[in-house]
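Trainee: Chain residues, written in single-letter form:
There are 2 protein chains.
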Amino acid sequence: MNKNKRLIMLPGPTNVAEDVLEAMKYSVINHRGNEFHELYDEIQELLRYVFQTENFIALLSSSGTGGVEFAVTNFITKKDKVIACSTGEFGERLFERINAIGAETIKISKDLGDTIRASDVEEVIEKNPDATVLAIVFNETSTGACVWEIKKIMELAKSKGILTIVDSVSALGGVDIPTDKLGIDVHITGSQKCLACPPGLAFVSVSNEAIKKNKEIHNNGYFDLKAYLRFHEKKETPFTPALPLLYALKIALNKIKEEGLDNVFLRHKKCAEMFYNFANKMSLETFPKEYAKSITVITLKTPPSVKSSEIVEKMRKEHNIEIAKGFGPLSEKVIRIGCMGIINEEIVNITTKALEQTILSIE
Amino acid sequence: MNKNKRLIMLPGPTNVAEDVLEAMKYSVINHRGNEFHELYDEIQELLRYVFQTENFIALLSSSGTGGVEFAVTNFITKKDKVIACSTGEFGERLFERINAIGAETIKISKDLGDTIRASDVEEVIEKNPDATVLAIVFNETSTGACVWEIKKIMELAKSKGILTIVDSVSALGGVDIPTDKLGIDVHITGSQKCLACPPGLAFVSVSNEAIKKNKEIHNNGYFDLKAYLRFHEKKETPFTPALPLLYALKIALNKIKEEGLDNVFLRHKKCAEMFYNFANKMSLETFPKEYAKSITVITLKTPPSVKSSEIVEKMRKEHNIEIAKGFGPLSEKVIRIGCMGIINEEIVNITTKALEQTILSIE
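Same order as they appear, the protein sequences are chains R and Y. Read left to right, the first sequence gives residues -12 to 350 (our numbering). Read left to right, the second sequence gives residues -12 to 350 (our numbering).
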């Protein structure tokens, strides 16, 4: 790591490798020409590898929230009865967006720091045998709580023919969440988290079941699946894509493929363990419950009488490292550290060392 | 111009200056921190200069079509009676998007190559005194037809208290279309046309009247004006922005400001004249009617028995210049040349010389 370069330890955007940044400089090309068609094909194949899917993947020029908009507006109608899970800010946004469609929503919510368990979903499905869609955030970026029982939850939904929508924005590519094996119909992620690409792109994989369901839906806008499918045939996106970011993405995804997904997952896991061991050593409590602890977003309670913003500012000013405060009600109560993308032992060591100095200097 | 570099003469994306491309390489920063707040402020001020407005400008990470989605979903309800003008592909998209909202639409359409006149609008407004919104594409990118009577049309709408939505995606920053002076309530453009920035950003200026109207609308998604306004107070965007593109934008807009808007408009106009003089000399008919000829998108009929794709391919392969075919039904009948952004006499000369050789070699 170049000592003069800022270390980005946010829960997104993350550090981006030099050659990925460099790739954005390639001259702008015609997004309706052969060069683009090749780029599109390459990216689709690489994304399918990372998503672990054979499904179509929509390439959206938007943030992850755009991906959520795509998922909600293309696959949910007023007639649906949707089980919507919420354990924090992003679960809440997903729930509210579904509500805005006018669908009936059954909300499963948990306290901040807690997560959704398979038993919660089982109970709700039993009471609502007419539920048609289940929507859940796999890794809640605002609290660092992860739905580790996702496999069981997907099985429960699939056994009842329920369409599954999973927001894996802050986890996909860092944690093993195999789309096809788990039976995720609509799987959302963004460029600026575990994929270690700059922000501005969202990706949504869509199963054939979901495509079938979309046939009854009239959308016609920026996030219209039918337009994305139509242009996919031509190896194009329906609307002008954010070209420089696609160049960057290709390089970033190739790095993941070269390392191998299993190695990438292992590296993320080891780095998360290092962070949690450090927290333990420093007597910093982890915010999420033990069974909910995320690998990609490390959320720690600040020491008593220390504000999160103080730590965040000192980390930036004195150590040139960006970490994040809490979200909403947790704003001054927790710090959040991204453990994503090109994370490695050296980066973790630099971060924990700086954090140790920072906390000792404040307390 | 570097001879080895591809010349992008598409009606978007356009050529992007080296330092604008270079700017994307700046390290990713925290989009919730002070550095971003400064960048946001700078960009807002520069955009207001280019839009010629005092209004709020929404900074969207999306293509221009996302800007249209923002305009339609935030300011039109089922209860509205909308005059929607269409003279080509983008007018049609605007019309269809409005239809999908469920609003009553009065469509003014013209043949391809023709444009909307003030008298057309006057007639429709007289017959529909209860119309509430007028939506129009100022410069139809698919045909190269421009609404030169826009001033009169805006006056007609404003005199009846009609909310005005104008899509200036392929013209703003290249042609004088002063938002406030014309009374445009909702004004849409994109990064990759006259602003000479890479694709991936859309900008929409919103008048206070439009903000007032939005109060009755529940949106809650990626294009929710209320969220953009709320985060504007903090000098932030509600969702993770496409950071590299914002760095590029700042440089691109600064170039426009340094040159001065009037000089930029004059440069575009002179270059367009050069293209039309060349067409005349070569006996290539311009596709749009004389009173509709665009400054920023030069659309010429191909010589009899010559396909557009032949010209386009030869231009790319033999001259390293990208121009575009027609759109939809015009696909093989016209060529379209972008006269936008960092266009200058040298670039026009290189392009027309190559085009002359190409056409003579085919005929």
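Quick caveat, the hints were computed from the structure, so don't treat them as lab data. It is possible that some hints are incorrect.
As the list claims (entries may be wrong) - In silico EDC-like cross-links for lysine to aspartate or glutamate, where the CA-CA straight-line distance does not exceed 20 Å:
hint	chain 1	residue 1	chain 2	residue 2
1	Y	12	R	76
2	R	-8	Y	9
3	R	221	Y	300
4	Y	222	R	272
5	Y	213	R	300
6	R	12	Y	9
7	Y	312	R	22
8	R	237	Y	101
9	Y	221	R	332
10	R	294	R	277
Trainee: Determine for every hint whether it applies to the structure shown.
Mentor: Here is how each hint holds up against the structure:
1. Y:12 x R:76: Violated: residue 12 of chain Y and residue 76 of chain R sit about 31 Å apart, past 20 Å.
2. R:-8 x Y:9: 17 Å, holds
3. R:221 x Y:300: OK: residue 221 of chain R and residue 300 of chain Y at ~18 Å, within 20 Å.
4. Y:222 x R:272: 33 Å, violated
5. Y:213 x R:300: 29 Å, violated
6. R:12 x Y:9: Holds, at about 6 Å.
7. Y:312 x R:22: OK: residue 312 of chain Y and residue 22 of chain R at ~16 Å, within 20 Å.
8. R:237 x Y:101: Roughly 42 Å separates the two Cα atoms, so the pair is violated.
9. Y:221 x R:332: 35 Å, violated
10. R:294 x R:277: Since the Cα atoms of residue 294 of chain R and residue 277 of chain R sit roughly 23 Å apart, the hinted pair is violated (cutoff 20 Å).
Violated hints for the displayed structure, listed by number in ascending order: 1, 4, 5, 8, 9, 10.
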